[in-house]
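A.B. asks: For the sequence shown, this note's numbering assigns the number 28 to the initial residue and increments by one for each residue that follows.
By construction, these hints were calculated from the structure, which means they are not laboratory data. Small disclaimer: the values here were computed from a predicted structure and weren't measured. Each statement offered as a hint is correct.
Distance condition first, Cα-Cα at most 30 angstroms in a straight line; then the derived DSSO-like pairs of lysine-lysine:
#1 K68 to K95
#2 K84 to K57
#3 K95 to K57
#4 K84 to K52
#5 K57 to K68
#6 K95 to K84
#7 K84 to K68
#8 K52 to K95
#9 K52 to K68
Computed spacing ranges between beta-carbons, pair by pair:
#10 A35 to D74: 36 to 42 angstroms
#11 D49 to N112: 28 to 34 angstroms
#12 L36 to S116: 33 to 39 angstroms
#13 Q56 to S116: 16 to 22 angstroms
#14 L120 to G78: 14 to 20 angstroms
#15 D49 to P75: 28 to 34 angstroms
#16 V91 to L36: 43 to 49 angstroms
Note that beta-carbon positions come from the ideal geometry of N, C-alpha and C, so glycine has one too.
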Amino acid sequence: RRAAAGSALYQVMSDLVFRTQDIDKTVLQKIIETAHERGMKELAVQDPVTGSLSYGKLLTAAAVLGEKFEHLYAGQETLGIMLPNANGSCATLLGVMSA
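Using the sequences plus the hints, can you model the full thing?
C.D. replies: Below, the structure is given as structure tokens:
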């Protein structure tokens, strides 16, 4: 019974979190909003090997990659990408989302 009660409580709390969050925005829109709230020079992602990226640099990289992806792969339904390090992965995924 204790496990069932714990599971029910978890479900109620999870539902509450989702109901109180703004889910009408894309990941990219939410990152842009966060960048404006925190500042474009604030740390967005950090990789122990290649260093860190600010929100401004991350969004700039995503925009450049998004333009390139849109130009090169317009009209294609699927796109396969080998992702680089953590910083590059974030910029690449945001670029794909923006294309």
